[in-house]
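Q: In case you want the letters, here they are:
There are 2 protein chains.
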Amino acid sequence: MSTEGSSESGKTGSAGESAVDVVVQQIRNLIATSKLKVGDHLPTERDLCAQFNASRNTVREAMRILKAYGLVDVRPKIGATITDNRMTRAFELFSFNTMEISRKTFSDVQDFRSLVEVGSADLFFDRLRQEDLDDLSEINAKLAEIHDLNEASEIDYAFHMRLVSILDNHAVLDVYAVMKPVILRIMQKGKTRRIFKTETFSEHQGVVDALAARDRLAFQYRLRSHLMIGFRFFSEEMEESA
Amino acid sequence: MSTEGSSESGKTGSAGESAVDVVVQQIRNLIATSKLKVGDHLPTERDLCAQFNASRNTVREAMRILKAYGLVDVRPKIGATITDNRMTRAFELFSFNTMEISRKTFSDVQDFRSLVEVGSADLFFDRLRQEDLDDLSEINAKLAEIHDLNEASEIDYAFHMRLVSILDNHAVLDVYAVMKPVILRIMQKGKTRRIFKTETFSEHQGVVDALAARDRLAFQYRLRSHLMIGFRFFSEEMEESA
DNA sequence: TAGGTGTTTCTTGGTCCAACAAATAAAGAT
DNA sequence: ATCTTTATTTGTTGGACCAAGAAACACCTA
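As given, the protein sequences belong to chains A and B, one line each in that order. Using this note's numbering, the first residue of the first sequence is number 1, and each one after it goes up by one. Using this note's numbering, the first residue of the second sequence is number 1001, and each one after it goes up by one.
Among these hints, one or two may not hold up.
[As the list claims (entries may be wrong)] Quick list of the computed label-pair ranges, beta carbon to beta carbon:
#1 Ala-1158(B) to Met-228(A): 48 to 54 Å
#2 Leu-36(A) to Leu-1030(B): 36 to 42 Å
#3 Asp-1215(B) to Leu-30(A): 51 to 57 Å
#4 Asp-40(A) to Arg-1216(B): 51 to 57 Å
#5 Gln-51(A) to Thr-1033(B): 51 to 57 Å
#6 Glu-1045(B) to Lys-142(A): 44 to 50 Å
#7 Ala-1050(B) to Leu-30(A): 48 to 54 Å
[Unchecked claim] Okay, the calculated bits of chain B under chain A, using three or more residues with CB under 8 Å as the criterion:
#8 1053–1061
#9 1066–1076
#10 1104–1116
#11 1185–1194
Just so you know, these hints were derived from the structure itself, not from any lab. Predicted model only: the values in this text are computed from it and were never measured. By construction, the Cβ of each residue, glycine as well, lies at the ideal position given by its N, Cα and C atoms.
Produce the entire structure from the sequences given, and follow the hints as far as they go.
A: Dropping the structure here:
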């Protein structure tokens, strides 16, 4: 209901839908109306062709989309079965290490994080407890023992996740959970193990110190600097897509 | 988590991988080795067929996957261009179904919206253009002609969506898109058609006026009040424990 | 006869080919 | 400069074949 097939146009139900998109929607409706649950079988491709009056290639392309979305699992000679790997797929989207995070994505996400983390300073100080400070320091300390970038970014992410958890806002936590893959890649951008162990570590510690000292301005300044520091890796890059 | 374990494509060798998976990998490599950036064009389907020695259907199915992953945007006659909508796709996958609107949920979501909308006041005034004000007024005017609550909340949502669109931040827009079902339900909570036509309308207009007058304090005060006003409907309501 | 075994046939997804339609960018004509 | 034609490219269709698993079947043995 909320998502359409592949077109990202804002219009819903306009006439510009391709046949593949139509079939995608029809299959989703079929799943919904037939109350198919995880593990149930979908009709064969050829049956779907007849049912939706579409060619087999069209049905196959629709299946590819549903498969990419993690909604069906199709195996040769077995057929298509309903699954729910959406979360897994969401994380796999960013396993495409071949492509760099675009500057726009980087900028948008970091601005958003800055908005949430820096903008909630007052709330942080209202709710802050000693336990929070201890946890943050403990997490940050793990940066000293990292072995690779993945491990480092996981710790970096855990630090910020623990920080926003102070807000006790489930909506924010959910959003951060979904954005995790993007955030991880952003954190790794241009960094080395050494940078994580030295610069990132001390930036985090500065934030924790400011929290402990109840120094609102220092907290905001240091956190914002920490979030925006990655911009230097985009210094000369220029891209302008209409 | 990165490369190892997707369902069907474990081996990077020759056996076991379908031709479509191979082409997907080849296109990924092409993007990487050619250093293609967002906005650049991919070769035509037929070129890719020749280049990878695959049939056109295979290339098309591979393209569907990349499109579903938000890595390419293919338009008829134009061809495929590199994009980076992976985060949008991730949010689409997430698409948590409308949960029960508890007082806690209401509080969390409205706090979050307040954080984003009220907290971005400076950015709003930086980027604001006359066109934005006109659109906001135009959208708000539609509240006068509503027929039911669904229609009213859609317009209310569209108003706030248009507001945050001024920020030109894709991450924020994606988050709002995902939260739409929850936001709609929150907007309807305790309201009547009359309230939408009178109170909500004038609250919106007050926000627009404050924007037009470049009155930052009035903007923040009115917007925050508007977002928090629904709390009165939870005043006496009891809700079961978490 | 009952039960297990090996063979055959059928089904199904995976791939390829050859068309045609629609849309649009580019070249050509006026 | 504007309109028209052409050519290119994606979208879609239908058909064909293959390989591998499933299912049905025949067969043999105890």
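Q: Take the hints in turn and mark each one as holding or not.
A: Hints, verified against the model:
1. Hint check: Ala-1158(B) to Met-228(A), Cβ distance near 32 Å, so the stated range 48 to 54 Å is violated.
2. Restraint check, Leu-36(A) to Leu-1030(B): a C-beta distance of roughly 38 Å satisfies the suggested window 36 to 42 Å.
3. The hint said 51 to 57 Å for the Cβ distance between Asp-1215(B) and Leu-30(A), and at roughly 53 Å that hint holds.
4. A hinted range of 51 to 57 Å for the beta carbons of Asp-40(A) and Arg-1216(B) is consistent with their spacing of about 56 Å.
5. For the hinted restraint 51 to 57 Å between Gln-51(A) and Thr-1033(B), the CB-CB distance of approximately 43 Å leaves it violated.
6. Roughly 48 Å separates the CB atoms of Glu-1045(B) and Lys-142(A), a value that falls within the hinted 44 to 50 Å.
7. Remark: the range hint 48 to 54 Å for Ala-1050(B) to Leu-30(A) is contradicted by a beta-carbon distance near 37 Å.
8. Counting residues of the stretch 1053–1061 of chain B whose beta carbon lies closer than 8 Å to any beta carbon of chain A gives 3, which meets the minimum of three for the stated coverage.
9. Closer than 8 Å: that is the beta-carbon criterion, and the stretch 1066–1076 of chain B has 6 residues meeting it against chain A, so the requirement of 3 holds.
10. Counting residues of the stretch 1104–1116 of chain B whose C-beta sits closer than 8 Å to any C-beta of chain A gives 8, which meets the bar of three, so the coverage hint holds.
11. Look at the stretch 1185–1194 of chain B against chain A: 0 of its residues bring a Cβ nearer than 8 Å to a Cβ of that chain, fewer than three, so the hint is violated.
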